[in-house]
Amino acid sequence: MKSERITKLVLRFTSFIIVLVFGGIVLSMIADAIPAFKTFGFFNFIFSKEWNPTEGKESYGALPFVVGTIYTSFLALLICIPLAFSTSLFIAEYFNNTKIASVLRTLVDLLAGVPSIVYGLWGFYAIRPLITQLGYSDNGYGIFTSGIVLAIMIIPYATSISNEIIGMVPVELKEAAYSLGATRLEVIFNVIVPSARSGLVAGYILALGRALGETMAVTMLIGNANVIPHNLFGAGNTMASVIANQFGEAEGLKLSSLIAIGLLLFAVTAIVNWIGKFIVRRFS
Amino acid sequence: MMKENYNWRDWKNKIFYGVVVLLSLITISPIIMIVYTLISKGLKQINFDFFLKVAPDPLQAMTAVSSHEIIPGGIANGILGTVVIVIVAALMAVPISIITGIFLYENQESRYANVVRNLTEILQGVPSIVLGIISYLWIVKGLTKGYSAFAGSVALAIMMLPLIIRSTEETMKMIPLSIKEAGAALGVPYFKIMLKVMIPTGFSGLLTGILLAISRILGETAPLLLTILGNTNINLDLSKPTSAVPLQIWEFYNNPNMIDLVWSSSLFLMILVLALNLIAKRISSRFN
Numbered sequence: 001m002k003s004e005r006i007t008k009l010v011l012r013f014t015s016f017i018i019v020l021v022f023g024g025i026v027l028s029m030i031a032d033a034i035p036a037f038k039t040f041g042f043f044n045f046i047f048s049k050e051w052n053p054t055e056g057k058e059s060y061g062a063l064p065f066v067v068g069t070i071y072t073s074f075l076a077l078l079i080c081i082p083l084a085f086s087t088s089l090f091i092a093e094y095f096n097n098t099k100i101a102s103v104l105r106t107l108v109d110l111l112a113g114v115p116s117i118v119y120g121l122w123g124f125y126a127i128r129p130l131i132t133q134l135g136y137s138d139n140g141y142g143i144f145t146s147g148i149v150l151a152i153m154i155i156p157y158a159t160s161i162s163n164e165i166i167g168m169v170p171v172e173l174k175e176a177a178y179s180l181g182a183t184r185l186e187v188i189f190n191v192i193v194p195s196a197r198s199g200l201v202a203g204y205i206l207a208l209g210r211a212l213g214e215t216m217a218v219t220m221l222i223g224n225a226n227v228i229p230h231n232l233f234g235a236g237n238t239m240a241s242v243i244a245n246q247f248g249e250a251e252g253l254k255l256s257s258l259i260a261i262g263l264l265l266f267a268v269t270a271i272v273n274w275i276g277k278f279i280v281r282r283f284s
Numbered sequence: 001m002m003k004e005n006y007n008w009r010d011w012k013n014k015i016f017y018g019v020v021v022l023l024s025l026i027t028i029s030p031i032i033m034i035v036y037t038l039i040s041k042g043l044k045q046i047n048f049d050f051f052l053k054v055a056p057d058p059l060q061a062m063t064a065v066s067s068h069e070i071i072p073g074g075i076a077n078g079i080l081g082t083v084v085i086v087i088v089a090a091l092m093a094v095p096i097s098i099i100t101g102i103f104l105y106e107n108q109e110s111r112y113a114n115v116v117r118n119l120t121e122i123l124q125g126v127p128s129i130v131l132g133i134i135s136y137l138w139i140v141k142g143l144t145k146g147y148s149a150f151a152g153s154v155a156l157a158i159m160m161l162p163l164i165i166r167s168t169e170e171t172m173k174m175i176p177l178s179i180k181e182a183g184a185a186l187g188v189p190y191f192k193i194m195l196k197v198m199i200p201t202g203f204s205g206l207l208t209g210i211l212l213a214i215s216r217i218l219g220e221t222a223p224l225l226l227t228i229l230g231n232t233n234i235n236l237d238l239s240k241p242t243s244a245v246p247l248q249i250w251e252f253y254n255n256p257n258m259i260d261l262v263w264s265s266s267l268f269l270m271i272l273v274l275a276l277n278l279i280a281k282r283i284s285s286r287f288n
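Heads up: the sequence lines are chains A and B, in that order. If you read the first sequence in this note's numbering, its first letter stands for residue 1, the second for the next number, and so on. If you read the second sequence in this note's numbering, its first letter stands for residue 1, the second for the next number, and so on.
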């Protein structure tokens, strides 16, 4: 029975690699973020607006990027929810089990397969000129442009759960409502939405988690200004995009500050995803 | 009164139906626009040279663009770079993930397994740029003392872990218990049941999971930006800077003379991702 014990050990040890990788990520990011936190103070770093790499007067704060991330992600979620909800109703309710529903489902799946950088190109060549023409901003870069493209990118994550949940609402419930004379709209909002609520919310939270960490498309569209965006069409930077933009030439305190921002991003996405998963688990 | 009331409800119902169809069409219009743009702008640039030659220098590209010719050269350095990085990433991630997946399947209730499962789930949500930072700290600064293909592989491998672990656990759950028990009843040791019964029975499921994970990481640009640097020549040395197709798209995008190559490289990348997806789905539909 020696081989049994060895097998068990191998399985256990291999799975421990996940713990090591995870622990390693957290620890080495904390270790490299400490200089920034020490120099500026933990809360000061998060809430300072200044991002000044001039030698001698170096000062780094994460607030512009935290705000930029919140703006773009929530704008994206706001645009995404009606689109994703309609698409789910189309696929799982109005046209459930029809050919056209499966075509739509395939196209939404395709959305998930488009690389982030291709979304960036699409935003750059299709959305940005539109914003400029409408006169909302001079060059078309900014929060709004990134928000729209992000919204499209996260739709597959938002619909993935809700497609199934809406399809799983018991027919008896729906028929009971119809037999009372309810219209389809009333059935959707009085029967389907209440019984699928937590699944819908969980999907949207997971989509938000995706939006928070998206890098390339946002980097190409947000305008890369290290300031708090002054309006919806203003340029800014998100936590992910500032890392992508400035990491290459950074060293010393700046590098440490960027890693601190990465650590912050890691923590925020982990918490958001955790809430989403918690809701899914309680539901199923 | 009753009748009017019903009419209004009926109208609302119809309007809502219209809105749902309209918004659904809006949802899918970007993918149609993207595919159309890539094909119409990228196809003319794709020829044999595109796969066989390295990226041209900006001057050559500028001359070609100004005389309205297609840009000479191709993305062979990127294609080979991507292939090397992805294969090395898969070699690291696949064995760890499959064994961990089997471990989680065998220990549904244990507390340690639940910790591993939860960490895997958190890992799946970690933004790819953060993994780029990690690989920069561990490999670029620590191991290879400079930007390297291996650093890119490590970042991508960490991304693959949670995806394959999850698909492995799901696949194992679908294997009938009786097959495993038949092996155990014959006194076969557990590692042989694993190697000779569970992995072969679930092979197509495992393969689907691996292919889908690869298709997910194939288009990743952000972690590569921090790890592999880029290279204008073909490079097969893991410890040296290298190029990759998504990184090249980023470079072409930033260079006005090369902009034509953006479309063909993006088209190529998307076809690659979609082909992997299709193969994976084909395999899994045969499995079920």
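Calculated directly from the structure, the hints in this document are not laboratory data. Incorrect hints may have been included.
Taking lysine to aspartate or glutamate and the EDC-like style, the derived pairs with C-alpha atoms no more than 16 Å apart in a straight line are [stated by the list, open to error]: (1) B:K12 to A:E186; (2) B:K192 to B:E106; (3) B:K14 to A:E4; (4) B:K41 to B:E69; (5) B:K145 to B:D237; (6) B:K196 to B:E181; (7) B:K145 to A:E175; (8) B:K141 to A:E251; (9) A:K254 to A:D109; (10) A:K254 to A:E58; (11) B:K192 to A:E93; (12) B:K14 to A:E186; (13) A:K8 to B:E106; (14) B:K41 to B:D57; (15) A:K174 to A:E186; (16) B:K180 to B:E106; (17) B:K173 to B:E106; (18) B:K44 to B:D260; (19) B:K44 to B:D10; (20) B:K281 to A:E55; (21) B:K41 to B:D260; (22) B:K173 to B:E109; (23) B:K141 to A:D109; (24) A:K174 to A:E93; (25) A:K38 to A:E58; (26) A:K277 to B:E121; (27) A:K254 to A:E93.
Which bits of chain B does chain A cover? Going by a derived footprint, with three or more residues having C-beta under 8 Å, they are [unchecked claim]: (28) 15-21; (29) 156-165; (30) 174-188; (31) 218-225.
The C-beta atom is built at its ideal place from N, Cα and C for all residues, glycine as well.
Would you mind confirming whether the straight-line C-alpha gap from K174 of chain A to E93 of chain A stays at or under 16 Å?
holds, 11 Å
Pair hint outcome, K41 of chain B versus E69 of chain B [Cα-Cα no greater than 16 Å]
holds, 14 Å
Is K41 of chain B close enough to D260 of chain B, meaning Cα to Cα at most 16 Å?
holds, 8 Å
Taking only the CA atoms, is the gap from K173 of chain B to E109 of chain B under or equal to 16 Å?
Answer holds: K173 of chain B to E109 of chain B is near 14 Å, not above 16 Å.
Holds or violated: K38 of chain A and E58 of chain A, Cα atoms, limit 16 Å.
Holds. K38 of chain A to E58 of chain A sits at ~14 Å (cutoff 16 Å).
Can you confirm whether chain A covers the region 156-165 of chain B, using C-beta to C-beta distances below 8 Å and requiring at least three such residues?
holds (count 3)
Pair hint K14 of chain B and E4 of chain A, alpha-carbon separation not exceeding 16 Å:
violated, 65 Å
Satisfaction of hint between E181 of chain B and K196 of chain B, Cα-Cα up to 16 Å:
Distance ~13 Å between K196 of chain B and E181 of chain B Cα, so the pair holds.
Check whether the Cα positions of K254 of chain A and E93 of chain A lie no farther apart than 16 Å.
violated, 52 Å
Examine the region 218-225 of chain B: at least three residues should have C-beta closer than 8 Å to a C-beta of chain A.
The restraint on the region 218-225 of chain B holds, since 6 of its residues have a Cβ under 8 Å from chain A and three suffice.
Between K41 of chain B and D57 of chain B, does the CA-CA distance stay at or below 16 Å?
Violated - the C-alpha atoms of D57 of chain B and K41 of chain B are around 21 Å apart, more than 16 Å.
Has the given pair, K192 of chain B with E93 of chain A, been kept, meaning a C-alpha gap of at most 16 Å?
Given pair K192 of chain B, E93 of chain A is violated - Cα atoms ~47 Å apart, limit 16 Å.
The structure fails hints 3, 7, 9, 11, 14, 19, 20, 23, 27, 30 (numbered hints given earlier, in ascending order).
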